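Undergrad: Numbers 894 to 1036, taken from my numbering, label the letters of the sequence shown in order.
Don't read these hints as lab results, they were simulated from the structure. It cannot be assumed that every hint is accurate.
[Stated by the list, open to error] EDC-like mimics (lysine to aspartate or glutamate), calculated; alpha carbons at most 16 Å apart, straight line: (1) K971 - E913; (2) K903 - E1020; (3) K971 - D948; (4) K1016 - D983; (5) K1016 - D898; (6) K903 - D1013; (7) K971 - D935.
Model, not experiment: these values are computed from the prediction.
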Amino acid sequence: MRISDLLRNKGAAVATVSPETNVTELLERLAEHNVGALVVVDAEGGIVGIVSERDVVRRLNERGPQLLDGSVSAIMTKMVASCTPEDSVDQLSILMTERRIRHVPVVVDGRLAGIVSIGDVVKTRMEQLEKSQEQLEAYISQG
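Between the sequences and the hints, there should be enough to build the whole structure, so can you do that?
TA: The structure is reproduced here in structure tokens:
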């Protein structure tokens, strides 16, 4: 299965934030969208980073509550792993496992086209396993 198939099923909407947004507002947006990470984009819509709940917790532990008044740019991950719609879910699973990341933006021609979470990957895997099981059961019962 390709990332494009996964996006077709889940949708391509992506919640984003600017680097200047303060961390308190970031937390509000994470809660509002019920997501674990937001892609950080510049004024032209280019990806400049990604920021997750994990980033906030770790930096809050290091810097204390004043972090909440700071900007997203101070805590975001700047080296963003990404994928394309043509990549396979298997390839993405390997990337997520090796890099220990849970959210990967989907990029087309340098532009943000979606985002895939580890939850999306697990759901896809479960659906594939269920389909295989149904096919095996049908084969056995016909056989």
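Undergrad: Each hint: holds or not?
TA: Consistency of the hints with the structure:
no. : hint         : result
1   : K971 - E913  : 14 Å, holds
2   : K903 - E1020 : 13 Å, holds
3   : K971 - D948  : 12 Å, holds
4   : K1016 - D983 : 13 Å, holds
5   : K1016 - D898 : 13 Å, holds
6   : K903 - D1013 : 8 Å, holds
7   : K971 - D935  : 12 Å, holds
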